[in-house]
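Chains P and H, in that order, give the protein sequences. Here the first sequence is numbered in the working numbering, starting from 1 and rising by one per residue. Here the second sequence is numbered in the working numbering, starting from 1 and rising by one per residue.
Source of the hints: derived by calculation from the structure; they are not laboratory data. Beta carbons: idealized from backbone N, C-alpha and C, even for Gly. Some clues are possibly wrong.
What the hints assert, rightly or not - Listed next, the stretches of chain P that the computed footprint assigns to chain H, with coverage defined by at least 3 CB atoms under 8 angstroms from CB atoms of chain H: (1) 158-172; (2) 378-390.
Claimed, not checked - Only part of the chain H face toward chain P is listed, based on derived beta-carbon distances under 10 angstroms: (3) Phe121; (4) Arg125; (5) Met160; (6) Pro187; (7) Pro188; (8) Gln190.
What the hints assert, rightly or not - Covered stretches of chain H, as calculated for chain P (at least 3 residues, CB under 8 angstroms): (9) 94-104; (10) 145-153; (11) 194-208.
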Amino acid sequence: MRTPPRLIARTLAVTLVTVTVMLSVVFIVLTIETRDRVRAAETSKLDATEKVFSQEEAARQGDQLTMLTALAEHPRIKAAIDTYFSEMSFGGVPPDQEQSLRQTVRRQLDDLARAIDADTLALLDANGRVFLASGDARDHWPVGQPVEMFQNVAVLPGGEAFRVTAAPLRLAGDRDIGTLVLATSLDANYAQQLSNLAGAGIVIALGDRVLARTVSDEAARALVTAGAELGPMQMLDDDEYAIQPLFSAGPVRIYSLSSIDNAASGPTRDALEALGAIAMGSFLLATLGSLWLARALTNPIDTLSRDIATMSAAREYGRMLQPTGSSREIDGLATAFNDLMQGLTNAERDTRAAYVGAIRALAAALDARDPYTAGHSERVSAYSVLIARELKLAEADVDVIRLGALLHDIGKIGVADEVLRKPGPLSASEFEQIKRHPALGARILRQVPFLAPHLPIVELHHERPDGKGYPFGLRADDIPVAARIVHVADALDAMTSVRAYRPSRGTSFALEELQRCSGSEFDPACVDAICAALPTASPLLEPQLQELLGRGV
Amino acid sequence: MHVRGVRVLACALLLAIPALAGRPAAQQTASVRGRVEIGHVSTRRPAAAYPTRSVPQPALAPASEVRHVVVYLKDAPSRAVKPVRTAIRQEDENFIPRVVAVPVGSVVEFPNDDPIYHNVFSLSRANTFNLGRYPRGQTRSRRFDTPGIVKVFCEIHSHMTATVMIFSHPWFAVPSEDGRFELPAVPPGQREIVAWHERLGDKPELITVEAGRPSEVNFVLPVPRQ
Chain P
1 MRTPPRLIAR TLAVTLVTVT VMLSVVFIVL TIETRDRVRA AETSKLDATE KVFSQEEAAR
61 QGDQLTMLTA LAEHPRIKAA IDTYFSEMSF GGVPPDQEQS LRQTVRRQLD DLARAIDADT
121 LALLDANGRV FLASGDARDH WPVGQPVEMF QNVAVLPGGE AFRVTAAPLR LAGDRDIGTL
181 VLATSLDANY AQQLSNLAGA GIVIALGDRV LARTVSDEAA RALVTAGAEL GPMQMLDDDE
241 YAIQPLFSAG PVRIYSLSSI DNAASGPTRD ALEALGAIAM GSFLLATLGS LWLARALTNP
301 IDTLSRDIAT MSAAREYGRM LQPTGSSREI DGLATAFNDL MQGLTNAERD TRAAYVGAIR
361 ALAAALDARD PYTAGHSERV SAYSVLIARE LKLAEADVDV IRLGALLHDI GKIGVADEVL
421 RKPGPLSASE FEQIKRHPAL GARILRQVPF LAPHLPIVEL HHERPDGKGY PFGLRADDIP
481 VAARIVHVAD ALDAMTSVRA YRPSRGTSFA LEELQRCSGS EFDPACVDAI CAALPTASPL
541 LEPQLQELLG RGV
Chain H
1 MHVRGVRVLA CALLLAIPAL AGRPAAQQTA SVRGRVEIGH VSTRRPAAAY PTRSVPQPAL
61 APASEVRHVV VYLKDAPSRA VKPVRTAIRQ EDENFIPRVV AVPVGSVVEF PNDDPIYHNV
121 FSLSRANTFN LGRYPRGQTR SRRFDTPGIV KVFCEIHSHM TATVMIFSHP WFAVPSEDGR
181 FELPAVPPGQ REIVAWHERL GDKPELITVE AGRPSEVNFV LPVPRQ
């Protein structure tokens with residue numbers, strides 16, 4: 001069978017898994033939430049940008065138109081153009097005149113273009129063809145080329161597009177002889193300026209062609225391709241963009257767009273850093289908390305287990321478990337255990353009392369068969385205890401000896417009354433009968449398991465150190481000390497007891513006799529012990545003994 | 001003044017023709033008559049997002065648009081014609097009349113009838129000049145000795161413009177207000193008659209002029225609506 005895991009491991013696992021699941025959920029929610037917020041923020045940013053751009057553009061257009069209208073009143077430019085086309089239609093313009101007129105216009109136009117810092121200041125004739133252009137981007141405005149004009153936007157034959165403001169050159173009779181055009185190139189430079197202004201990406205498209213962009217080429221192309229199906233949120237080149245059209249005129253479209261991924265990376269990282277710190281803290285707290293909790297449970301349990309183990313090892317079943325003070329439940333467990341042990345101890349004491357009583361009754365019944373041996377077993381028991389105490393035996397061994405001594409002659413149940421009560425000397429066969437009683441007693445006791453500790457006393461209390469005892473003829477140290485003690489006590493009582501055939505021999509005689517036979521018949525240590533203990537045996541310590549001795553003497 | 005001069009000239013020529021009818025020289029020419037009609041077409045508006053500032057215009061309607069037409073014989077042989085003296089007034093920030101046709105050597109006066117300064121200048125090859133600025137009541141004039149077209153402008157008021165056409169022959173006319181014109185004594189043969197309009201430029205018509213038989217040629221000019 002598998003060993004169950006330690007409680008602390010389980011607590012830790014459950015706590016950490018819980019914290020991890022919670023943090024994961026928070027992480028997911030946080031990520032989604034952050035992205036949603038970024039989307040909303042980017043959309044509103046682009047929205048605001050569009051409003052600002054519209055207003056700025058309207059204001060700029062207004063300013064430019066005012067300026068341009070004033071410029072369009074330039075008399076020399078008008079005169080030169082009208083003269084040029086009038087002469088052209090009347091009889092043609094000779095080269096020197098053409099050069100002179102164009103030069104006149106060019107000089108004026110260059111001055112104006114410089115003064116207003118325009119990409120291009122162009123002069124279109126009445127048919128919308130370029131008459132002259134000035135400014136940095138004038139090369140895109142080739143002389144004589146038609147210009148496709150839309151509202152605010154001009155598309156040139158070369159494919160370039162310009163933001164334009166236009167004012168007519170008008171003569172008396174509402175005659176328009178041309179158009180003065182202030183043009184801003186819709187190029188990368190313009191896109192960059194817009195991008196800086198908007199704080200977002202810019203794509204300028206002409207039809208389905210990208211004129212300028214500040215975002216990746218793929219994204220710009222995807223945006224232009226999406227065309228009419230553009231939503232405020234659009235996947236372009238595997239990236240999500242918030243998109244806001246800034247401007248639309250003719251085939252020209254200007255979009256501002258902002259990558260959600262880019263915009264979300266900062267806030268998401270911040271949120272994750274915060275979450276990471278929280279996670280560290282949570283793990284630490286959870287670990288400490290679950291450790292503390294687990295220890296609060298396991299420590300008292302360990303203490304109790306150890307105490308119980310100690311109790312078991314020492315067989316101190318009466319000892320009480322101390323309350324751990326850790327929790328009511330565990331203290332309840334300890335109390336219940338104590339109660340249980342108390343109950344068990346009481347039951348065992350009762351049992352023991354009952355069986356000691358039974359043994360005594362048995363011994364008394366035995367002794368009663370012969371009036372001369374009345375109280376013999378009790379006295380032998382008392383002497384044996386005296387000797388055992390003198391020999392400093394353990395209390396448990398003393399208990400075994402006390403009861404064993406009470407039972408030592410149990411085998412005599414199987415000896416016939418005639419033999420047992422025979423006042424005279426025994427015949428050999430009778431003695432043989434007597435000698436059988438230890439083995440008989442052993443046989444009886446063997447059937448009662450709880451009397452097993454007393455068995456050696458019953459079986460061997462007639463063995464002698466010199467090997468002349470019965471039933472086995474064991475020698476000295478082969479005989480258990482309990483049997484040796486009871487042997488000495490039995491002999492002492494036999495000598496001090498009245499017999500049908502003789503009176504009591506007296507205690508001192510008995511002791512001398514014991515000492516005389518010490519080493520051969522009796523164990524010397526036991527003899528010395530009884531000789532030392534008997535005279536000083538305090539009636540206070542062994543009240544029963546005095547009584548017993550009195551009766552015996 | 002100029003118009004009247006032309007009319008006087010034309011009337012004199014017309015009167016002279018029957019008088020000279022019996023003479024063989026007179027038999028070798030024929031008058032060309034006709035009518036000029038102005039048909040309006042929609043004008044192309046300038047590309048501008050916002051309404052442009054209108055050039056202030058006089059409240060008066062301009063003279064009939066046909067008065068801005070000059071009908072003349074193209075590639076005509078030079079023939080001396082007596083110069084005239086005519087005037088283009090500056091009135092309500094306009095040159096009136098806007099178009100005059102004169103023979104070579106004629107003098108055009110530019111009296112300033114406005115209570116403000118005006119200027120008269122031209123960049124045209126046929127006669128480049130600048131009469132400078134001058135106030136009300138003053139008149140400055142310019143003699144036109146080279147045939148061709150001269151556009152006249154005011155340096156102060158950029159919308160003011162007038163056209164002086166100078167011819168080295170007598171076959172030119174500004175139509176009357178009903179559009180009628182007559183070129184008298186045109187030499188016979190294949191002739192190209194041109195109606196010039198200040199916006200449209202030349203519109204040519206080929207005719208064959210037979211001696212002694214008046215021809216007729218009509219022009220319809222589509223002029224942008226004002």
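inquiry  = So, against the hints stated earlier in the document, which numbers end up violated here?
reply    = Result: hints 2, 6, 7 and 8 break, sorted rising.
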